[in-house]
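Asks: Full structure from sequences and hints, please.
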Amino acid sequence: HKFTEGGGAIMVPGDKVYDARLKLAGQGLPKAGNVGFEVLENQKLGTSQFVEQVNYQRALESELSSSIKTLAQVRDARVHLAIPKTSAFLRDQPKPTASVVLSLHPGRVIDEQQTTAITHLVSSSVPQLMPAMVTVVDSEGGLLAPNPNKTGASGMDAAQIKYVGEVENQVARRIVTILEPITGRDNVRAQVAVDVDFTQSERAEEVFKPNSGQNPASIRSQQNLEASGPVTSAGGIPGALTNQPPQGGQAPIEGQPGQGQAQPPGTQSPVSTNANRKEQTVNYEVDRAIQTVRGPRASVKRVSTAVIVNFKKTVDAEGNVKETAYTPQEIQQMTSLVRDAMGFSQQRGDSVSVVSIPFSPPVSDEPPFWKQATFASVMREFFKFLIIATVLGLVTVFLVRPILFPPPPKVVEEEQRIE
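Residues in the sequence shown are numbered from 1132 upward in steps of one, following the working numbering.
Be a bit skeptical, because a hint or two may be false.
Stated by the list, open to error - Under the rule of at most 20 Å between Cα atoms (straight-line distance), these lysine to aspartate or glutamate pairs were calculated in the EDC-like manner: (1) K1443 x E1311; (2) K1432 x D1326; (3) K1432 x D1328; (4) K1432 x D1481; (5) K1200 x E1243; (6) K1453 x D1317; (7) K1293 x E1357; (8) K1216 x E1243; (9) K1432 x E1299; (10) K1409 x E1357.
Source of the hints: derived by calculation from the structure; they are not laboratory data. Quantities reported herein were computed from a predicted structural model and do not represent experimental measurements.
Replies: Given below as structure tokens:
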């Protein structure tokens, strides 16, 4: 066979065309190319809106597939979009969804960060498509899309683990920044462990406050009652007989005129007096406040910090560099700085440990540059081009130059002898 049209066509003998097609089909070749937005350039007159929408969706799927194939690990990709039709008669519109099928190169794997990137790439290309509605699977049927609700061994989801890591890194950077002017660059290391409570609480309070000020009371309602009149006190013989119920009635015995009925001895005459009664009932308004208190989403329960400091380097009178440990007083000063930088709290039970230890010199496992494979390949290329240049120079000097610039002919002068 041979290539023609600039490598765009393969020519084979006529009697072997079908054999070549069978061999290519057995390897899954040729593969059909993706149809992108160029399909919209050849719209026919009278095309319906449904056909236009289908062509647009096909073009969008093809463009997304082409973009995903640019990843080094991805050999092939297919994107399926489910875009519902919007309706003005529905309050809750259905949301679009998408699915991505990846075919990876042999021996290649795709990590969670790249899967998240593919998910956001697809969701950002389709209106109202949320990343949670994108499903990514591989050719083996394994689910690759990260689960935002996935919890780790610590019982925290991905967002909570990320938050804890950011807090720890921020505190560690503060400590290193405050100690580097003292110890020098790359002479201090800090590690921070933060215990964060993600329990969120909510509390409702109803508070009544007493009235205060010159006009403390606001009257809600007031009721006044006044009563006055004669009141007759009790009369008769005090004792047990007075408390007995009356006996049967008898006809009165009329006495002579001008004579009153005699009272029994020991009895008291009833006394009539005037009495006044006043009652006042006043209801006041009371200050009332209803508060809804929500706790923070994350609260730091405890912070543990470990700091190691390299020995300080000093130069003696002879110019020799010596390494000495920091004094306990200097360590105590560094500990105070670390506490202030991390926001130390005794109530939380925070802990700080600062230790001065000599750092081990870095051990380089990298071989010398003349033993590296890249150096050998560079030298091979160099000598190859050097040999080619030498051969071309020799050919130019001994073959091309004599042909282009031949030497002038020799002039033979005949000497005439005059005898």
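Asks: Give a verdict on every hint.
Replies: Going down the list of hints, with the structure as the test:
Restraint check for K1443 and E1311: the C-alpha separation of about 12 Å stays at or below 20 Å, so the hint holds. Taking the CA atoms of K1432 and D1326, the gap is near 5 Å; set against the 20 Å cutoff, the hint holds. For a cut-off of 20 Å, the pair hint linking K1432 to D1328 stands: about 6 Å separates their Cα positions. Our distance criterion of 20 Å between C-alpha atoms is met by K1432 and D1481, whose separation comes to about 9 Å.
At roughly 17 Å between alpha-carbon atoms, K1200 and E1243 fall within 20 Å of each other, so this suggested pair holds. At roughly 17 Å between alpha-carbon atoms, K1453 and D1317 fall within 20 Å of each other, so this suggested pair holds. Between K1293 and E1357 the CA atoms are separated by roughly 75 Å; this puts the pair beyond 20 Å, and the hint is violated. As the CA atoms of K1216 and E1243 are separated by approximately 32 Å, the hinted pair breaks the 20 Å bound.
A distance of roughly 13 Å separates the Cα atoms of K1432 and E1299; the hinted pair therefore holds under the 20 Å criterion. Only pairs whose Cα atoms come within 20 Å are accepted, and K1409 paired with E1357 is accepted, the gap being roughly 4 Å.
Violation of the numbered hints given earlier is confined to hints 7, 8; the remaining hints are satisfied by the structure.
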